[in-house]
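There are 2 protein chains.
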Amino acid sequence: MKKYVYLFKEGNANMRDILGGKGANLAEMTNLGLPVPYGFTVSTEACTQYYEDGRKINDEILGQIYEALDVIEKQAGKKFGDPENPFLVSVRSGARASMPGMMDTILNLGLNDQTVVGLAKLTNNERFAYDSYRRFIMMFSDVVMEISKLKFDAVFDEVKKKNNCKLDTELNAENLKLITVKFKEIYQQEKGTEFPQDPREQLIEAVKAVFRSWDNPRADVYRRMNDIPYSWGTAVNVQSMVFGNMGNDCGTGVAFTRNPSTGEKALYGEFLMNAQGEDVVAGIRTPSQISELQQSQPAVYKQFVRIANTLEQHYRDMQDMEFTIERGKLFMLQTRNGKRTASAALKIAVDLVNEGLITKEEALLKIEPKSLDALLHPTFEPNALKKAKPIAKGLPASPGAACGRVYFNASDCIDASKRGEKVVLVRLETSPEDIEGMYAAEGVLTARGGMTSHAAVVARGMGTCCVSGCSEVMILEKSRKFTTTSGLSFNEGDWISLDGSTGNVYGEALPTIEAQVSGNFATIMQWADEVRQLKVRTNADNPHDAATAVSFGAEGIGLCRTEHMFFDENRIPAVREMIVSKDENSRRRALSKLLPMQRSDFKGIYKAMGSRPVTIRFLDPPLHEFLPSEDNDIKALAKEMGLTFEELKLTVTSLREMNPMLGHRGCRLSITYPEIAEMQTRAVIEAAIETRQETGISVVPEIMVPLVGDVKELEFVKDVIDRTAKEVMAERNVEIPYVVGTMIEVPRAALTADKIAEQARFFSFGTNDLSQMTFGLSRDDAGKFLDDYYKKRIYEFDPFARVDQEGVGRLMKLAAELGRKTRPDIKLGICGEHGGDPSSIEFCHQIGLNYVSCSPFRVPIARLAAAQAAIRNPRD
Amino acid sequence: MKKYVYLFKEGNANMRDILGGKGANLAEMTNLGLPVPYGFTVSTEACTQYYEDGRKINDEILGQIYEALDVIEKQAGKKFGDPENPFLVSVRSGARASMPGMMDTILNLGLNDQTVVGLAKLTNNERFAYDSYRRFIMMFSDVVMEISKLKFDAVFDEVKKKNNCKLDTELNAENLKLITVKFKEIYQQEKGTEFPQDPREQLIEAVKAVFRSWDNPRADVYRRMNDIPYSWGTAVNVQSMVFGNMGNDCGTGVAFTRNPSTGEKALYGEFLMNAQGEDVVAGIRTPSQISELQQSQPAVYKQFVRIANTLEQHYRDMQDMEFTIERGKLFMLQTRNGKRTASAALKIAVDLVNEGLITKEEALLKIEPKSLDALLHPTFEPNALKKAKPIAKGLPASPGAACGRVYFNASDCIDASKRGEKVVLVRLETSPEDIEGMYAAEGVLTARGGMTSHAAVVARGMGTCCVSGCSEVMILEKSRKFTTTSGLSFNEGDWISLDGSTGNVYGEALPTIEAQVSGNFATIMQWADEVRQLKVRTNADNPHDAATAVSFGAEGIGLCRTEHMFFDENRIPAVREMIVSKDENSRRRALSKLLPMQRSDFKGIYKAMGSRPVTIRFLDPPLHEFLPSEDNDIKALAKEMGLTFEELKLTVTSLREMNPMLGHRGCRLSITYPEIAEMQTRAVIEAAIETRQETGISVVPEIMVPLVGDVKELEFVKDVIDRTAKEVMAERNVEIPYVVGTMIEVPRAALTADKIAEQARFFSFGTNDLSQMTFGLSRDDAGKFLDDYYKKRIYEFDPFARVDQEGVGRLMKLAAELGRKTRPDIKLGICGEHGGDPSSIEFCHQIGLNYVSCSPFRVPIARLAAAQAAIRNPRD
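Those protein sequences? They're chains A and B, same order as listed. Counting the first sequence from 1 gives a position; this note's numbering is that position plus 224. Counting the second sequence from 1 gives a position; this note's numbering is that position plus 224.
Simulated from the structure, these hints should not be mistaken for laboratory data. There's no promise every hint is true.
Pairs count within a copy or across copies, as identical chains cannot be separated in the list.
Claimed, not checked - Here are the simulated DSS-like pairs of lysine-lysine, each with C-alpha atoms no more than 27 Å apart in a straight line:
1. K936 / K432
2. K303 / K610
3. K1037 / K936
4. K1037 / K233
5. K1015 / K936
6. K415 / K432
7. K233 / K406
8. K303 / K617
9. K1015 / K979
10. K806 / K1016
11. K936 / K979
12. K642 / K979
13. K1008 / K936
14. K227 / K806
All of these numbers come straight from a predicted model, not from anything done at the bench.
Throw the hints in and build the complete structure from the sequences for me.
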């Protein structure tokens, strides 16, 4: 018989695949002898089985749950449904990877019309008992039965109003009793049955609700953003209730062993006396600093500090803990490696090494490469910041600087972002429904909630700037405006700026500046460089980007797109002149105008890169991209070019393609018009010669031919390049080295890479196009139906963000093997956007590529990811 | 030292790779003791070497040529350039595969100002000597030095006119002497040097010209049409001249051992007395039937008949021979397996088996599968033909019936054909420049030339209907009209019809009827069916095509495209209603209108196919294909549909895609709108149930899901299909079998075929899309640049006509292996257009597919090609 249910004492921290993170850590703490309320975990395998059985909990699992329940009832000395001594539990989800705010929790389960009376007697606190019961009814109705919370809020507010109460705590037992009656009525109306009175029925429904919540759209979005497979499932933790809301010697809180924003080594957190956990997380009341606990509960504080230290030493990482104080007694409800900002992650990792707790390699593995992105975001330009006056101040919940137009709900944010606007999401408080909107936003501003509120936790996880708990703004979500205490008013679309490191809010668009790699960041990068085997290059098309990338540690350019230079407004006239040319001579005349421009582009880039290698890709896009498509624009351009409308229209029409992705582009252009490749070769080689003469830098240009699918295409273009290079060198009476290689971006190129390697000195995987062609999926068009693919779980991740190892990766591996078979010293790299994605970088390491190339701002991420890949997958 | 030059006596018929077809057969005839003028062959390897050396003949090869020359001079007892006893040779190309009319010939080489005098003395025929010289100068200038023939023709015609000569033969020696002088002047003017007087220089230049001609654009076109690799190169045959134009006891001719049009066993051919070969081939004079030689030269005729029989017995195939009679002595200049019409090929093959000369398998290998196409072309509707009166009659040069609009040159034909017109090419006589035009035309009509003229030979090779030598029409190519002797006049664009089997020309568009498989054709098909291992299915979307295909031997439907039914004008309104639906319910309403239509389609097809398997592909194209794109059409349709223009325009715009090939189509539609798959499943299953009830036919529908790239896509759609099929069967209270499979047309499907086979009972390779995606080449757009690819020899064949075995084929092989690994009994087929291409069929046999599927008219071709594949590649 398979084991689906584990008592806490039966598990340990290594069992997170089966027990989920929360369950495994509760088990570990139990076995460490820490004060953990009794409980058990229903495993992730039970969740998988639940879905396999058509969303049913089978009898075997039910039996094991009841068996475990018996054990913990005995341990607690209480019984489910016993009016004399009722046993109450919490039911909480816990997946293998932390999914904050995604899954749902139910407290006080076991209460019913009888046990609430028992609880009142037992605690001698009728108010507490009915407060617990009304919370439970609402939570169960909302989370388990999916009845809108608003209906309950309305009743609750009505009773408060009737009794002239401002705070929830002002309600007395009678009020609360009335509320429970009214809540049960709502349940009856909505569900057509009475609120379930059998605690076992409550429990099983709650477990099912947790399993179900694994499948909700918010969980899908979070999983996709965090590469969590759907197949993992979630575990369910059932634990004896301890109460933080039984009176003023009770409380609940969360704390970190180090500051999750800065990494500073000091206990950091918040607590609320006479409250349940939900009050802290939801951010409805503003909690006290953890240090204040020392005054109010010195013994508990001392014990908590000791436990925190034990846990950090035990897990050798910063811990994020939840605790409850019940009548002066401390209970640990959770510990986990704490989420942290990127800069905190760096500091903690460096500190832990310095403290001798972990090795450098362990330190490198502790940092999520993607999180570095936050450090590479801009900060405000200091002079502008000096002059700017904040319009409000909130909590510095997630660092960074954000500047954008104000929107008041997630979907407006997403829409505006799709239109290309920079947006800031402004909300009273955020909830899991807002995640996609937060993802689209530059920053998030909330009026309520602390540093551990939903908004703060999620924003930090995303690396998005966030100011939370900003009570100085009054937000009118429905009217789509907010006002400040100083009387300013902002409407949808107005610009504001947020400083996530200070909590300041500015009523204007502030200029920003780029980040730098220094301090702990530099230390970690240095450690990463010591172990990684992949080189990291950058995709840069101009000297500025090249210089930025070098400052971030780029070791060369892996992709310099020459067409970007062609779109410049000073150049596009010559490009267009070339395109409308009717014969080779006029084409050559136009190209000769472009030559000096391209040459000077390349010189600028060579100089920025010093002696680092520079890979230059020849003209790639279809020519129609350089011409307008609308008749009005064609008319205007025709006039400018001295052509008739009809002439130019004819050119535009003749260049129109059904499927431009698969059309006349890449090396196909150089095959039809070899003079384009000639001009580009001339520019590349002349620039290299002149750079050497002017600066002494020995440039070895790497010329990359795009869209090759057959070795003969490469052979043809390489002949043009070699012939032209020879001519240039003869003219200048100097010899310089250069190499010719190709993109591997057409499936056929990968399939025939052995032949292509006969002509190519290097391969660079163009995984953007390779993915499009291998999937038969146009990235420009897929947006319309990919959502259906995610919803129906056909794709679990975006193949354009992460290399599809099963399909596209198979082609890459094949191409790498075939290429090396023909030319053992062939240089292999990747220059698609996947080059900056950590999981794709690990794959590149595994198949033995020599380098990855990514956008300048991803270079540090790639350096760390490459280091992690090397640590996880040692090469021989 | 490598051997580049072979005396005829050193070779044999098996050496065609090195000696070319002509050279190998000359060697074989020499060794058979037949009267072949002495000679030698410069090998195809010398040609390849010539290109490798940068179009130079290296000293080694030169040395071997001169050495061989010495030997044949001795054999002939004459010497190059000897004014007393000059040695003259012919220089002719000869590639491994016959390339009629593609390569060039030079006769009388060795003549110069001295040797012409010697030849005159020696033959005592000054007229003959100068006639030979003027021919040589012109041929050498034209073919070797590329001086326009027109310049020589002008001089020639001027002299004729001045001397009041109508026929060339009326010119006397003095006239011809004058002409040689004037010809040499033209040469001097054009080339700036004197006409070369050194026979060795003439020879080497001529050899180079043959090598060069391998590289000309016409040769490229022919090679591409006939799958001949460029790398083969051509050999050059140098042979002692014998003269058919030395007087009236001289002559030259070509003959076949059987009738190349009908296959009838009887010597068939033509000859001209006092003429050189070029006169016959060019069709300038109309020759006599070979049988007439019996009267004029009985001994020669007897000898020739004996030789013809010897050769046919020796080669065990119908022979096409060239001969020359010099002063009553017969010389064999060439033999080869004769080109023949498809029906002749069938008759000859069956007859040779019946005569005991070859086996059935050999017979099958003798027939070019593509040539059967000619037999599958329509013939005229007999009643219409009975009433029709010919406006002229020519030679029945290539059988079949053609009907089209008249065009007077190749490029007009090509243009009109591209516009979708059916065209007939009408020319005085055709030349190699016309090949592409002939390819585009339904039929060819020439005023000059015999049954072995260029037009006749090439048309038969192509399977294009041709009437040649039609002297009853006067063609004015420049004025783009022709008139008949009866006074009728036809202009460009007028309709005519040609009967290639009778030579009749009709001045109207005659209706045609389809071909049938009977007689020898049926015999050969039966033999093919006995040996082939691949099944042959058809691509058919309606009962009529299905029935046609069955009559041609189709064993099932491999591809029934359901969308073709949707485009029907009675259905498209419901399709459009579905597309503009704003929600699932209205979509379902529209689909319910389509259901009975689809069901009745499928019933019709099932009934046409009887118990044969039918594979039905679900909706594939992007939905925008069902809507108009121009504003005017949108306006009209909106009115019709009761929508505003803006509403419909919005739908059209939202469906517009950048790359529709890679867009929202195929299974992606069923994933977004599962109700489409539901409706189609319902139609398929209901039709099968009703067909069984009505006819007793047990249909096992094979449902094919298109564009799958990931097993989960197939799994999702298969779930919909299975669920719906179950519902239908429950409703009808009957169980019927069906299978679900998928197209393999996305590279990723091939790469992950092991997983996909978990869900698919069959794979059908959609090689159209698979080729497009593997090459990254849109078929709709490639036309613009593929010509450059052919010209620059990057592609040697059209990857959409013939499976690219190196790239696409590699994916197919992989998918077949992976598919069978998961599911050993998986059924594998192909349904792209390649399914009717013989070389692709051979590849499908090699990788072990179960069937090919092609258009109805290609079914017999596929049956034969599959048989040939099985004979050439025996499976275990």
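Tested hints:
1. K936 / K432: between (61 Å within a copy, 26 Å between copies)
2. K303 / K610: Neither. Shortest intra-copy (63 Å) and inter-copy (104 Å) distances fail the 27 Å Cα cut-off.
3. K1037 / K936: Answer is both: 22 Å inside a copy and 23 Å across each meet the 27 Å cutoff.
4. K1037 / K233: neither (45 Å within a copy, 54 Å between copies)
5. K1015 / K936: Between copies, since 12 Å is at most 27 Å while 43 Å is not.
6. K415 / K432: within (17 Å within a copy, 95 Å between copies)
7. K233 / K406: neither (41 Å within a copy, 114 Å between copies)
8. K303 / K617: Intra 50 Å, inter 110 Å, cutoff 27 Å: neither.
9. K1015 / K979: Between copies only: 21 Å across chains, 42 Å inside a chain, cut-off 27 Å.
10. K806 / K1016: Classified as between: cross-chain Cα gap 20 Å, same-chain 51 Å, threshold 27 Å.
11. K936 / K979: within (9 Å within a copy, 34 Å between copies)
12. K642 / K979: Cα proximity of K642 and K979: none, with 43 Å in one copy and 36 Å across.
13. K1008 / K936: between (37 Å within a copy, 19 Å between copies)
14. K227 / K806: neither (77 Å within a copy, 48 Å between copies)
Consistency with the previously given hints fails for numbers 2, 4, 7, 8, 12 and 14, ordered from lowest to highest.
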